[in-house]
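Chemist: At position 28 of the sequence shown the residue is numbered 35 (the numbering used here), and the sequence of numbers has no breaks.
Please keep in mind that the hints were generated in silico from the structure rather than gathered at the bench. Wrong hints could be hidden among the right ones.
Pairwise CB distance ranges (calculated) [stated by the list, open to error]:
#, residue 1, residue 2, range
1, 433, 246, 43 to 53 Å
2, 69, 319, 35 to 45 Å
3, 69, 240, 22 to 32 Å
4, 272, 339, 20 to 30 Å
5, 240, 62, 31 to 41 Å
6, 101, 149, 13 to 23 Å
Values in this document were obtained by computation on a predicted structure and should not be read as measured data. Where is the CB? At the ideal position from N, CA and C, for every residue including glycine.
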Amino acid sequence: MTQHRVVSRRALLRGMGAMTVAAASTPLLAACGGGGGAVNTAEANARVTLPTHVPYAGVTPDLPAGQDLLPGFYRYPDSLVTAITDKPGAGAGRVAILVDTFTPVPPPLTDNAYWQALNDRIGADLAFNMVPDSDYSTKVTTTIAGGDLPDIVMLPSWTPDLPGVLRAKFADLTPYLSGDAVKEYPFLANIPEFSWLPMIANGGIGGLPTPRASIGEIMFVRDDLVAQRSLNPNPANHDEFVELCAGLTDAKAGHWALGDTGLGGGGALLYLLEMFGVPNGWSEQDGKFTNAVETDQYTEALAALVDMLGKGLFHPDSFSATFQQGRDWFGTGTIALKVDGYAAWDILLSTYQGIDVGALLAPAHDGGGDGRHFTGKGSFAVTAIKKGDEKRVRQMLSIANWMAAPIGTAEHLFRKFGVDGVDHTMSAGLPTLTRAGETNVKIPMQYLVDQPAVLGPGDRAVVDKQYAFHQRVAPLLVPDPTVGLYSPVNASKGSVLSKALNNARSEIVRGNQPVSSWAQVVRQWRQGGGDQVRGEFEKAYAQQR
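Given only the sequences and the hints, what does the whole structure look like? Please build it.
Modeler: Structural data, given as structure tokens:
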């Protein structure tokens, strides 16, 4: 169904997660007089016309989509459509691209036949600068501060003063994408509203989304290890979850249940917060707001995490492990439980052969049924295009449109798996990367722009398992009611307030302070600005009613 409308103020403000999180950070543009605080207002953003949503109708999924439910595919269609017959980057020359990567950097262009074929199809020299995730924060900061910007940059949601950065450094995409204008780029038009909402800033469309599903992060479990130990795969309460973790832990053999406490976000703490019924950031009732850290349930979840650490259920290097170490531990069976993005399900299965991956929905801690599940962001990041003349911006948008080609198109299969017979082989509608493909087809375009999220294509049993989990989670999703609401104090002091909470929480979880000290930490947070933030959110919320 075609949609063309100006988003309602309330709907828009509820969706601007990336921008509002970034606005709470220290302004990166202060030194050069930038900053978007005065321009990035609720009133200006509420007038933005979102891109018209025109879903791609060229393929029918095996499992239908629903509200907060992804469609599922068992295989690729027998006949793929060549959707883009020209070369979208023709005449663009060298296109510099800065992007994060969570996998080893592939061979350079001179030694990478896939990259060479990609450039030939695009008709431009795509000069990818693929930076490992551990170094990306530093790279983004120095790149923005410098004078020579790439043509396309993946900006994480935590980028300091993201609205100001977009206004000062990157093109306003509103004239090209607002309303029906997006139809010139049909695969960008295929991206749903949920993913476009976080792109709104400074009264316009500030970037391109990397679409993500609303399901957010999941507690993955090595189902094969659970079965080997004859453990309960479906804990019904907190005590049974701890029993499962204990059964998966054998320190002498080098095995633990968990490897990520969640002090840096996500991890076991996220799962426990869902289990104990903690709000997703904030809760709202009759216009009154309560922060998660103020609730008794938060303290209970924190105490549960400390108790589990005391029981030795975490890898001894949990506090220092990198993101990739955690995945490797999970893939090799060193740990059996790991919180990760929903898309990691397929990544884990394809990276670590022979494992069986499942997902655990958090039970209510007292056994009163299912817990809750926090809604994720609509986009992994904000992909920005450097300011330039109209021709250059449109060339970049055409390249991005190609990268967003959906399943059912030849462009999608090539982007994901390369050339048939060289980078992959096809059997029963499913591609398998060759040895060359496993090395070369690692260019992380999926962190720039991508098709809307789907399940599969893949093994029928796996897709069915994923779909069943999504069906169960969809009705339990809990949003953050403050997403998009503007608080001046949060914009100026939010990062300082968050840092104080994070430091105190770390001291408690590491055993340096008792859980009882958390009450004083929260009092200091309220006195230091938390109550002001609450009042401003409540006022902004009332204005949008």
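Chemist: Run every hint past the structure and note whether it holds.
Modeler: Hints, verified against the model:
no., hint, in the structure
1, 433 <-> 246: 43 to 53 Å, "holds, 48 Å"
2, 69 <-> 319: 35 to 45 Å, "holds, 44 Å"
3, 69 <-> 240: 22 to 32 Å, "holds, 26 Å"
4, 272 <-> 339: 20 to 30 Å, "holds, 24 Å"
5, 240 <-> 62: 31 to 41 Å, "holds, 36 Å"
6, 101 <-> 149: 13 to 23 Å, "holds, 21 Å"
When each numbered hint is compared with the structure, no violation occurs for any of them.
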